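Undergrad: Residues per chain are reported as follows:
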Amino acid sequence: MDHVEAAPGRSIEPFRFNGSGSEYFGIWIVNVLLTIITLGIYSPWAKVRRMQYFYRNTELAGSSFDYHGRPLAILKGRLLALGLLLIYHFATTHISIWTLLALAILALALPWLLRNALRFRAHYSSYRGLRFSFRGSLGQAYAVFLGYPILMFITAYLAGPLFHQRLKRYQHGNSYYGGTAFAFDAGVGRFYRTYVLYMLAGAALLALAFVPMFHMLGAVKAVQAAGGKPDPAMMMSAMGVFWLAIMFGVLILGPLLQAAVQNLIWNHTALGPHRFVSRLSGWRLMGIGVSNFLLVALTLGLFMPWAAVRLARYRASCTSLAVDGSLDAIVGDAERGVAALGEETAELFDIDIGL
Amino acid sequence: MVDAVYFDGRSAQRHAVRLELDGADLLVSGDGVDRRDALGSLRISARLGSTPRALDFADGARCEVREHEAFDTLLREAARRGGWLHRAESSWRMIALSVVVVAACGVALFVWGIPAGAQLVARAMPDTLSRALSDQTMKLFDRHLLKPTRLDANRTAELTGRLEDLRAPDGAQAAYRIEFRSAPTLGPNAFALPDGTIVLLDELVTLADNDEQIAAVVGHELGHVYYRHGLRLIAQNSAVGVLAAWWLGDVSALLAAAPTLLIQARYSREFESEADRYAAELMRRNGIAPSRLAELLRKLAALHPEADDDGAAGLLASHPALLERARALDGERADEAAAAH
Ligand SMILES: [Zn+2]
Numbered sequence: 001m002d003h004v005e006a007a008p009g010r011s012i013e014p015f016r017f018n019g020s021g022s023e024y025f026g027i028w029i030v031n032v033l034l035t036i037i038t039l040g041i042y043s044p045w046a047k048v049r050r051m052q053y054f055y056r057n058t059e060l061a062g063s064s065f066d067y068h069g070r071p072l073a074i075l076k077g078r079l080l081a082l083g084l085l086l087i088y089h090f091a092t093t094h095i096s097i098w099t100l101l102a103l104a105i106l107a108l109a110l111p112w113l114l115r116n117a118l119r120f121r122a123h124y125s126s127y128r129g130l131r132f133s134f135r136g137s138l139g140q141a142y143a144v145f146l147g148y149p150i151l152m153f154i155t156a157y158l159a160g161p162l163f164h165q166r167l168k169r170y171q172h173g174n175s176y177y178g179g180t181a182f183a184f185d186a187g188v189g190r191f192y193r194t195y196v197l198y199m200l201a202g203a204a205l206l207a208l209a210f211v212p213m214f215h216m217l218g219a220v221k222a223v224q225a226a227g228g229k230p231d232p233a234m235m236m237s238a239m240g241v242f243w244l245a246i247m248f249g250v251l252i253l254g255p256l257l258q259a260a261v262q263n264l265i266w267n268h269t270a271l272g273p274h275r276f277v278s279r280l281s282g283w284r285l286m287g288i289g290v291s292n293f294l295l296v297a298l299t300l301g302l303f304m305p306w307a308a309v310r311l312a313r314y315r316a317s318c319t320s321l322a323v324d325g326s327l328d329a330i331v332g333d334a335e336r337g338v339a340a341l342g343e344e345t346a347e348l349f350d351i352d353i354g355l
Numbered sequence: 356m357v358d359a360v361y362f363d364g365r366s367a368q369r370h371a372v373r374l375e376l377d378g379a380d381l382l383v384s385g386d387g388v389d390r391r392d393a394l395g396s397l398r399i400s401a402r403l404g405s406t407p408r409a410l411d412f413a414d415g416a417r418c419e420v421r422e423h424e425a426f427d428t429l430l431r432e433a434a435r436r437g438g439w440l441h442r443a444e445s446s447w448r449m450i451a452l453s454v455v456v457v458a459a460c461g462v463a464l465f466v467w468g469i470p471a472g473a474q475l476v477a478r479a480m481p482d483t484l485s486r487a488l489s490d491q492t493m494k495l496f497d498r499h500l501l502k503p504t505r506l507d508a509n510r511t512a513e514l515t516g517r518l519e520d521l522r523a524p525d526g527a528q529a530a531y532r533i534e535f536r537s538a539p540t541l542g543p544n545a546f547a548l549p550d551g552t553i554v555l556l557d558e559l560v561t562l563a564d565n566d567e568q569i570a571a572v573v574g575h576e577l578g579h580v581y582y583r584h585g586l587r588l589i590a591q592n593s594a595v596g597v598l599a600a601w602w603l604g605d606v607s608a609l610l611a612a613a614p615t616l617l618i619q620a621r622y623s624r625e626f627e628s629e630a631d632r633y634a635a636e637l638m639r640r641n642g643i644a645p646s647r648l649a650e651l652l653r654k655l656a657a658l659h660p661e662a663d664d665d666g667a668a669g670l671l672a673s674h675p676a677l678l679e680r681a682r683a684l685d686g687e688r689a690d691e692a693a694a695a696h
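Heads up: the protein sequence lines correspond to chains R and E, in order.
Each residue of the first sequence is one higher than the one before, counting from 1 in my numbering.
Each residue of the second sequence is one higher than the one before, counting from 356 in my numbering.
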């Protein structure tokens, strides 16, 4: 282990990702095949295997993480998500008095679902034989997942950084590793300072993409919906400008913002006395993102495993933990025995979220 | 003997230990650890790439092992549970086979699966729904795209009367409604809504040399209605979108949107020829030469010479090559001549 000495009693433990693209390709394609020949039923098992590949290959201070998610719980979560999606679909295509009721039910269910997903993901992750856990309250979940998005909506995304800060404060501030709590101390001001330039650039880009194209795009869509034939030249030019602007946003601005925000979040996250250090470079992230995008497109998706491994390796290589003393001192939560957790998790299920 | 790292499940403390087998028991010893457990009470994780394997003890303790070969040798059968998956995932034959089968499934899905599924969905769509959809679309058109017709009222009445006399290929009275509109941005064009509303644009009516050419266009649009192309296109696009998101979504949502555009061109090309064939049958039924449609298509092609090349524009253009369609209709005429003899 290469321990880089920092302050006395503090050592820097780097994260490391040991997976390889070609090894992951084999795992990925065989699991895709199994998913196809079982008509999708195998997909939760494939997801567990993919997650395990990434967790077990992520190493910190000589030990790996592990993922213990249950495929059946994932299946349950997906069926639930599908049910809600169908409710949403029918409620919004046939506007009636039921629409409001359905939307209200969805709005009330969503924070509960997301909190459940956070608990699932934490609880089924482990390191050195100790589980993680998430203990955020349901009340806070409603504030974070319902209150702030509504605020964001009525302020035309000006409250976006506030929402993100509250979300991370809720997520990181209520997470535990064993009995040791994570802490999050980045204030709203810092989020706004990180976001402000990107919000301006994003707004300019959206105006460029949408305002001149709005009518044209609507027209093309409407003609297609009727089985008609829009003028190809018009469609090409409308699509061309739109895609260029979106590509610039997603491939150039996206990674720069992502790196800045990830660094902000992790540099203000601590596990007990140990602090995280994140040194992602937006330009490197952009290079990886753009080349991954091109190679995945050129190989019709077959490059995907290499792309995922490259990204994971770079992310891990930029993250470390400034350990105060030793990680060995961390103990599990005595009050929350294994049995108690087992009972509690019967109600947990996973939904696919990207928080 | 196999080296491993032991965690007691109560703290994050690492213990370097050695694993040994004694009959049906596993011995763990070293660094303050000394325990004996029946193999049957342990949960041994299946192999996954070259990631460390885990042994979970009933009391929450855990061992991580990185020496895969030695571990397999030590535990023999007990360690091999779930090993078939690892063997498949690391066998190049199995991987190559997977690539081939997945690719074949993908192609089959796009060529047959999605169109067939979309057809089922479109057929099952109740009339009330397709009428509601058509009304919505027409309102959207009128608000954003279409203007009232500038044709003379006598002319539209005369045309409507003539077009309403058209018979479907099976001899039935074709149930549809003609609407006249003007739309300079769309050029000479016509389109059909799923409920049988056919919109003729002024620019097309003035471009046509005679009413038979207009009847030919209506026949083509009726083909779209008959085969429910509009609804099928919507269903196909949604299916392609969902599948592309599943396949590519991990890397980029942006990339996942691209196949929808590319594949749509292919599907609509098929729909256009299908509608053309329907139009030819309808015209023959009504005593009009199918060449009338070919004539009009050639006139349209002369207006947009760039739309007919086979480069990137040809791939993306949802309007299939007009001249190609006109040539296919020439073939229809030959068939007709043969049938007459
Ligand atoms: Zn057509």
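Just to be clear, a hint being listed does not mean it is correct.
[Claimed, not checked] Now the in silico label distances, taken between C-beta atoms and shown as ranges:
#1 Asn-509(E) x Trp-98(R): 43 to 53 Å
#2 Gln-491(E) x Leu-208(R): 22 to 32 Å
#3 Leu-484(E) x Gly-21(R): 39 to 49 Å
#4 Thr-428(E) x Tyr-192(R): 56 to 66 Å
[Unchecked claim] If you want the ones that stay clear, here's a sample from chain R, every Cβ over 12 Å from chain E, calculated:
#5 His-68
#6 Ser-133
#7 Ile-150
#8 Leu-200
#9 His-268
#10 Ala-270
#11 Met-304
#12 Ile-330
[What the hints assert, rightly or not] Selected chain R positions facing chain E (in silico; Cβ < 10 Å):
#13 Pro-14
#14 Ser-20
#15 Tyr-24
#16 Asn-31
#17 Ile-36
#18 Thr-38
#19 Arg-56
#20 Gly-129
#21 Tyr-177
#22 Leu-256
#23 Leu-257
#24 Gln-258
#25 Val-296
#26 Ala-329
No lab work stands behind these hints: they were computed from the structure.
From a predicted model like this one, the values you see are computed outputs, not experimental measurements.
For every residue, glycine included, the Cβ atom is placed at its ideal position computed from N, Cα and C.
Undergrad: Could you check that no beta carbon of chain E comes within 12 Å of the beta carbon of Leu-200(R)?
TA: 22 Å, holds
Undergrad: Closest CB-CB distance from Ile-330(R) to chain E, is it above 12 Å?
TA: It is violated; Ile-330(R) is separated from chain E by about 4 Å at its closest Cβ, not greater than 12 Å.
Undergrad: For the hint on Arg-56(R), does the least C-beta distance to chain E fall short of 10 Å?
TA: For Arg-56(R), the interface hint holds, since the closest Cβ of chain E sits about 3 Å away, which is under 10 Å.
Undergrad: Does the closest beta carbon of chain E sit nearer than 10 Å to the beta carbon of Ser-20(R)?
TA: Hint on Ser-20(R): holds, closest Cβ of chain E at ~8 Å, below 10 Å.
Undergrad: Using Cβ atoms only, decide whether Ile-36(R) comes closer than 10 Å to chain E, and label the hint accordingly.
TA: Holds - the Cβ of Ile-36(R) comes within 10 Å of chain E, reaching about 5 Å at its closest.
Undergrad: Decide, holds or violated, for the assertion that all CB atoms of chain E are farther than 12 Å from the CB of Ala-270(R).
TA: 16 Å, holds
Undergrad: Answer holds if the nearest beta-carbon of chain E is closer than 10 Å to that of Gly-129(R); otherwise answer violated.
TA: At about 3 Å, which falls below the 10 Å cut-off, the nearest Cβ of chain E leaves the hint on Gly-129(R) intact, so it holds.
Undergrad: Go through the hint on Asn-31(R) and say holds or violated, using the shortest Cβ distance to chain E against 10 Å.
TA: 8 Å, holds
Undergrad: Just want to verify: His-68(R) was marked as not at the interface with chain E; is every Cβ pair farther apart than 12 Å?
TA: Incorrect as stated: the minimum Cβ-Cβ distance to chain E is 9 Å, not above 12 Å.
Undergrad: Could you tell me whether the CB distance from Gln-491(E) to Leu-208(R) stays inside 22 to 32 Å?
TA: 30 Å, holds
Undergrad: Holds or violated: is the Cβ of Tyr-24(R) closer than 10 Å to a Cβ in chain E?
TA: 7 Å, holds
Undergrad: According to the definition I'm using, a residue is off the interface if its beta carbon is farther than 12 Å from all beta carbons of the partner; does His-268(R) meet that for chain E?
TA: Since the minimum Cβ distance to chain E is about 23 Å, His-268(R) lies beyond 12 Å and the statement holds.
Violated hints, listed in ascending order, are 5, 11, 12, 13, 18, 22, 23 and 24; each of the other numbered hints is respected by the structure.
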